[in-house]
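Asks: Here are the chains, one letter per residue:
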Amino acid sequence: VIERIREIAAQYPDSRSAVLPALRLAQEERGHLDREAFEEVAFALDLTPAYCTGVASFYDMFHLDPVGAQLVEVCTNVSCALVGAQQVLEAFESELGIRAGETSEDGRFTLRTVECAGGCGWGTVVAINHRYREPVRADDVPAIVEELRSAG
Amino acid sequence: VPVEPLVLKGAEDGDLTQIDDYRAAGGFESLAKARAMEPAKIVDELLASNIRGRGGAGFPMGKKASFLAKGTGKPTYLVVNADESEPGTFKDREIMFRVPHRLIEGCLITAHGIESKNVFIYIRGEYLHEFEILRAALDQVREADLLDGVTIVLHRGAGAYICGEETALLESLEGKRGQPRSKPPFPAVQGLYASPSLINNVETVATVPLIIEMGGAKYTKEGVENSAGTRVFSLSGNVVNGGNYELPLGTPLRELIYDIGGGIPDGRALKAVIPGGSSVPVLTADQVDTALDFDSMAAAKTMLGSGAVIVIDDRCCMVQLGLRVAQFYMHESCGKCTPCREGTRWMVQILEKIEDGRAEYEELDLLLDVCDRILGKCLCPLGDAAAMPVASYVDRFRDDFRRHIDEGGCPFPDSPLDHVLAPVDQHAHDVHVLA
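Residue numbers (the working numbering), protein chains in the order written: chain A, 1 to 152; chain B, 1 to 435.
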């Protein structure tokens with residue numbers, strides 16, 4: 001990972017610019033950003049772990065706590081909400097047996113709401129591990145969850 | 001209405017994500033033409049075209065390019081803002097997944113025009129699919145030897161609306177928290193790495209090849225006065241055919257919503273329209289004949305913004321709309337300026353109180369007062385983006401607000417925005433596993 005981070009850093013006039021891509025790499029390796037991840041990124045870019053933590057905590061896509069293997073994100077911003085995002089969210093809550101913001105006990109699923117995902121005319125937008133599904137209606141949710149469960 | 005698309009030209013006829021198809025459709029011919037021109041001539045064409053920025057602020061691109069500091073001894077950077085995050089807006093995404101090569105061609109032409117060798121495309125982190133398409137397109141361009149010494153770096157964001165603000169974007173690109181800088185110095189003088197930088201939106205840059213092809217003088221004849229060319233309008237909300245539609249500027253809102261968008265579903269009535277993304281003041285149903293251009297929107301006391309048209313039907317509660325909009329900006333406030341950081345929180349609290357029927361009439365004035373104390377008092381427009389629309393909901397739909405107070409609760413039982421869970425609420429609620 002350290003080698004890969006330094007390769008990325010070489011693309012920029014200042015290696016500090018590689019902090020976001022480096023944090024993303026570390027997160028992909030570990031699932032979330034723990035103390036060791038910050039130490040690794042800091043070491044690779046000659047920064048401090050505190051600095052890297054400060055940057056990571058600013059951005060919604062960095063996870064400072066463990067998340068499920070499948071991250072289910074439902075957009076509940078205005079355009080999606082106008083076409084039933086809350087019902088979609090509630091359908092996921094009931095199918096997954098967890099509430100928005102939670103991770104299932106077996107660690108397989110995290111469900112959360114997100115701000116505008118940029119699929120407004122095709123709402124409701126649902127992102128599963130950052131792959132968009134659109135439009136999703138509440139009726140579609142049981143089949144989606146079944147698919148995710150059978151995918152292991 | 002026969003409409004000839006410019007930015008999305010040819011995307012209906014072929015797979016323009018492939019360089020061969022894009023070239024067969026005339027792609028990269030503008031680049032060849034541009035590279036045979038003096039750089040200053042490119043900027044002249046942009047000035048002649050009168051193209052205004054498509055990100056939201058509408059600043060003329062040619063003027064911005066002409067502001068770039070010369071002879072500083074530092075490199076000049078071109079930064080493409082692909083951090084599309086304004087609620088209601090999804091046009092840049094469509095441009096990137098359908099005509100990625102046109103964006104890259106626009107980057108290369110613009111880079112030539114401003115004599116830059118370094119281009120950064122800052123794409124929002126959530127747009128994974130679009131990032132992959134752009135990366136593949138860029139690989140094809142590299143293999144085709146079209147870069148001519150220019151480097152284009154695709155830089156992914158990580159989830160922060162504020163990074164669409166140009167100076168916050170620069171901070172983020174420099175590996176920092178995405179908090180806006182104070183201006184001056186403007187990016188044209190001290191932008192990325194304290195060097196002269198031109199920052200433009202995806203749609204703006206993707207229009208550049210057409211401007212070079214047509215010539216600026218011809219381009220400016222498209223659209224209407226002060227609003228040259230076409231826009232890719234994002235249509236969403238309570239409308240039959242949501243989607244992106246490229247139309248000449250000056251097209252009446254009614255045409256987009258009814259003729260193209262198919263009108264309001266289930267025979268319901270139009271209540272309101274947000275014409276330029278969630279940060280702009282709302283229009284009432286009787287303003288639906290307003291034209292989609294900068295001046296007509298300004299005359300209607302709103303803005304064209306990012307060209308995101310959100311249609312709202314008569315079930316919707318405008319207090320709930322205000323609350324959801326305020327929750328968004330509260331979530332996305334970077335925390336640097338007190339009026340925005342604290343004001344958006346106050347807005348949410350007052351709106352919750354009104355929605356619950358716990359408010360007094362004075363609190364409507366308090367809400368407007370809070371909006372007024374945010375407006376124009378921060379380093380960047382994020383706070384304004386919360387205050388302007390919410391103040392307009394109170395102003396133009398005051399009866400909705402009054403009824404909550406008079407009736408001790410929300411009088412709109414079928415509103416789709418009822419108790420919609422926003423990320424700011426999600427963080428607050430207790431961990432609870434259902435049995």
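One or more hints might be untrue.
Said to hold, decoys possible - Which bits of chain B does chain A cover? Going by a derived footprint, with three or more residues having C-beta under 8 Å, they are:
| hint | stretch |
| --- | --- |
| 1 | 79-86 |
| 2 | 148-162 |
| 3 | 324-334 |
| 4 | 346-358 |
| 5 | 415-424 |
Just so you know, these hints were derived from the structure itself, not from any lab. Every value quoted in this text rests on a predicted model; they were computed, and no experiment measured them. Glycine is no exception: its CB is placed at the ideal position from the N, C-alpha and C atoms.
Asks: Now look at each hint and say whether the structure bears it out.
Replies: Verification of the supplied hints:
1. 79-86: holds (count 3)
2. 148-162: holds (count 9)
3. 324-334: Contact hint for the stretch 324-334 of chain B vs chain A: holds, 6 residues under 8 Å.
4. 346-358: Our answer is that it is violated, as 0 residues pass the Cβ test (under 8 Å) against chain A, missing three.
5. 415-424: Contact hint for the stretch 415-424 of chain B vs chain A: holds, 8 residues under 8 Å.
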